[in-house]
Amino acid sequence: MIRLEKRPTPSRLLTGLTPILAVLLTMIVGGLMFWILGKPPVEAIRIIFWDPLFDPNFAAYSRPQLLVKAGPLILIAIGLSMGFRAGIWNIGAEGQYIMGAIFGAAAALAVYPKESALIFPAMIIAGAFGGWLWAMIPAILRTRFNTNEILVSLMLVYVAESILASVSQGLLKNPEGYGFPGSRNLQQYPSAANVEILPNSGMHWGVVAAFIAVIFAYVLLTRHTRGFEIRLTGEAPKAARFAGVNPTRIIVFCLGLSGALAGMAGMFEVAGPAGQITIDFNSGYGFTAIIVAFLGRLHPIGILLASLLMALTYIGGELAQLMLGLPGASIQLFQGMLLFFLLATDVFTNYRIKLGRTKLGGSQ
Amino acid sequence: MDLGGLNLFVLIASLMVSATPILLAAIGETVVEKAGVLNLGVEGMMITGAVVGFAVAINTGSAPFGFVAAAIAAALLSLTFGFLTQVLLSNQVATGLGLTLVGLGLSALIGKPYEGLKSVVLQPVKIPVLSDIPGFGRMLFSHDPMVYISLIIVAGVWAWLKFTRAGLVLRAVGENHEAAHALGYKVIRIRMLAIMFGGACAGLGGAYISLVRVPQWTEGMTAGAGWIALAIVVFASWKPWRILLGAYLFGGVTVLQLNLQAMGVAIPVEYLSMSPYLITIAVLVFISARGNQNAPAALAKPFHASN
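So the protein lines, in turn, are chains D and R.
Mapping of the first sequence onto our numbering: residues 1 to 364, in sequence order.
Mapping of the second sequence onto our numbering: residues 1 to 307, in sequence order.
Okay, chain D solo, but in the shape it has when bound (with noise of 0.2 Å):
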């Protein structure tokens, strides 16, 4: 007979092995997974994890696409991870993504094309702003009525996207774009313009402000009040209300600092790599950030490794497309396998495995 077995206290070990356990046996499942669609299975995971960063033919340009991909990543996670520790859900990051950019970018056009140097910082602002006022819907439904924040920053997701439609199409659209959809390009805008700060390395602001953010969010937690607070809720919520912590204030922080991150991700990717507010703009990054969280166990330095491993596993997976035929999806479902995994092997962290029966009269 197997059985599980709670540890006193969660193993610090495994806290930290589980996700590089997680990552292989995505590997090997992967693998078959690729296998099973008539691709190479190891040949598939080498141009995923090691191609993108050593091969000579491609390293040059993926590598500075590693930040790229991973700052917007970093910032989202950031302020999940702040919640998901509280025990409240954001789901919708995407939705708040959206607004940052649509908020960043508005500033910017409003004063198209005059020429400033407070017009990047105050596109920053606006887009965190954004991102905040978006997430505060869930956050002041949840704290006056009681509302379940994960389905309503769910469908706030869906409501974002239409206000995107919408603005590409009319609001913010190039009046010079031939009536095409989607805004003028910010890259072309030098005050507005989320330029790289290091010729061919990838790090843009928005990398830097994912790196202010972990700095951040590291002290929060472990020097300041406020991340003790944050920690206290999620892991015991009576303690919390009898220490005298304001769940309101628990909810409203949380759901806005990761609200003002994804709106802050936005912006950066509108001014920067993206360029522009076209309709499908967004790209997913406020739902892998979830599984970039979990990765990186809610704890700052991990959510930026992982978010540099999920970077890569985007960059690859083009790759792989580019080279294999790979279908896109694959790369998707590579990433939610990695979330199963990871929770999957989670249960070692708090339980170990006892073999033999239980013996009667015994601790129960």
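For the record, the hints were derived by calculation from the structure and aren't laboratory data.
Keep in mind the model is a prediction, meaning the values are calculated, not measured.
Please note that a few of the clues may not be correct.
To be verified - Derived CB-CB ranges, DEER-like: (1) R:Gln123 x D:Arg63: 53 to 59 Å; (2) D:Pro8 x R:Lys186: 24 to 30 Å; (3) R:Pro124 x D:Gly16: 55 to 61 Å; (4) R:Tyr185 x D:Arg46: 49 to 55 Å; (5) R:Arg242 x D:Gly244: 38 to 44 Å; (6) D:Asn246 x R:Glu219: 41 to 47 Å.
Said to hold, decoys possible - With a straight-line Cα cutoff of 27 Å, these simulated DSS-like cross-link-like pairs (lysine-lysine) come out: (7) D:Lys238 x D:Lys6; (8) R:Lys186 x R:Lys301; (9) D:Lys238 x R:Lys301; (10) R:Lys239 x R:Lys162; (11) D:Lys354 x D:Lys6; (12) D:Lys114 x D:Lys173; (13) D:Lys39 x R:Lys112; (14) R:Lys301 x R:Lys162; (15) R:Lys301 x D:Lys354; (16) R:Lys301 x R:Lys239; (17) R:Lys186 x D:Lys354; (18) R:Lys239 x R:Lys186; (19) R:Lys186 x R:Lys162; (20) D:Lys6 x R:Lys301; (21) R:Lys186 x D:Lys6.
Glycine included, C-beta positions come from ideal geometry on N, C-alpha and C.
Starting from the known structure of chain D, arrange chain R on it as the hints suggest.
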């Protein structure tokens, strides 16, 4: 009977068709949640059902086979959720989200070769005599079999939960799993079966979208229907007949919205297409503001026999 260019009978008939996917998914999820399990992966199971149902129907040339295959595929997928949450005691919210992400990826992968194909038609069943009633006959009694099957499932779930011993046990497990365990009921086995039932229903709902409502396969075609089904379970306070009400109300909104789009009303299309989601939010707020939501007491709580 015309209402400014909208025929009420036709409107109600198309409302029933439009509501059926959500109705199926929501009634399945009701059973799951009544057993104390929160499966947020409805969207993922629906889309898997949609693609598997479509693929099997095309390959066998039979829509009923498609539905059966969709139910089986989605039930198998839900089994992974069951294994993770019930045996490996993973967090139900996170695992449900994972299930949705896996389902979306899996369906896109399976569905690639089927894009742009026309589906096999599911023949409507004209119920004899009743379907000849003018107006009402066309509105209520000339649908495809899945519309009636979904209604039978709702009635069956209601009767099963209310009148049978097994239904009572399932509710007991959902209200207090420790007490149910102490009485000797197999909490995990019961929950696994409930999860699979929920999966099968979601699969049927998904297949209904790809085989009847649309009817073709496009990536991400469920477009949040699974999440709306989850919202309807809350709206219905976990009561089967109210699920029917909620789903049909929602179907009505969707149909009305589509009709208004077709009629070229002066409201931009984007605002009309976001209305179902906004109305869902409004309904959720209304229900939660009223308090006393009747949620099963052990909902989303992990169960481990040794503590």
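Now for the hints, and whether the structure bears them out:
1. For the hinted restraint 53 to 59 Å between glutamine 123 (chain R) and arginine 63 (chain D), the CB-CB distance of approximately 57 Å keeps it satisfied.
2. Roughly 28 Å separates the CB atoms of proline 8 (chain D) and lysine 186 (chain R), a value that falls within the hinted 24 to 30 Å.
3. Between proline 124 (chain R) and glycine 16 (chain D) the CB atoms are about 59 Å apart, so this pair conforms to the stated range of 55 to 61 Å.
4. The supplied range of 49 to 55 Å is met by tyrosine 185 (chain R) and arginine 46 (chain D), whose beta-carbon atoms lie about 50 Å from each other.
5. Our hint of 38 to 44 Å for arginine 242 (chain R) and glycine 244 (chain D) holds, since their Cβ atoms are close to 39 Å apart.
6. The supplied range of 41 to 47 Å is met by asparagine 246 (chain D) and glutamate 219 (chain R), whose beta-carbon atoms lie about 44 Å from each other.
7. Distance restraint check for lysine 238 (chain D) and lysine 6 (chain D): the Cα-Cα separation of roughly 21 Å lies within the 27 Å cut-off, and the hinted pair is therefore satisfied.
8. In summary, the hint linking lysine 186 (chain R) to lysine 301 (chain R) is supported, as the alpha carbons are separated by about 16 Å, within the 27 Å threshold.
9. Restraint check for lysine 238 (chain D) and lysine 301 (chain R): satisfied, since their Cα atoms lie roughly 16 Å apart, inside the 27 Å limit.
10. Taking the CA atoms of lysine 239 (chain R) and lysine 162 (chain R), the gap is about 10 Å. The hint holds against a cut of 27 Å.
11. For the hint linking lysine 354 (chain D) to lysine 6 (chain D), the alpha-carbon distance of about 10 Å falls within 27 Å, and the restraint holds.
12. With a C-alpha separation of about 18 Å, the suggested pairing of lysine 114 (chain D) with lysine 173 (chain D) holds against the 27 Å cut-off.
13. Only pairs whose Cα atoms come within 27 Å are accepted, and lysine 39 (chain D) paired with lysine 112 (chain R) is accepted, the gap being roughly 16 Å.
14. For the suggested pair lysine 301 (chain R) and lysine 162 (chain R), the alpha carbons sit about 23 Å apart, so the restraint of at most 27 Å is met.
15. Taken as a hint, the lysine 301 (chain R) and lysine 354 (chain D) pair is honoured in the structure, with Cα atoms around 23 Å apart against an allowance of 27 Å.
16. Taking the CA atoms of lysine 301 (chain R) and lysine 239 (chain R), the gap is about 20 Å. The hint holds against a cut of 27 Å.
17. The suggested pairing of lysine 186 (chain R) with lysine 354 (chain D) holds, with an alpha-carbon distance near 21 Å, which does not exceed 27 Å.
18. At roughly 24 Å between alpha-carbon atoms, lysine 239 (chain R) and lysine 186 (chain R) fall within 27 Å of each other, so this suggested pair holds.
19. For the proposed pair lysine 186 (chain R) and lysine 162 (chain R), the alpha carbon gap of about 20 Å is at most 27 Å, so the pair holds.
20. Pair hint lysine 6 (chain D) plus lysine 301 (chain R) holds up; C-alpha atoms about 16 Å apart against a cutoff of 27 Å.
21. A C-alpha spacing of about 20 Å is found between lysine 186 (chain R) and lysine 6 (chain D), which places the hinted pair at or below 27 Å, so the restraint holds.
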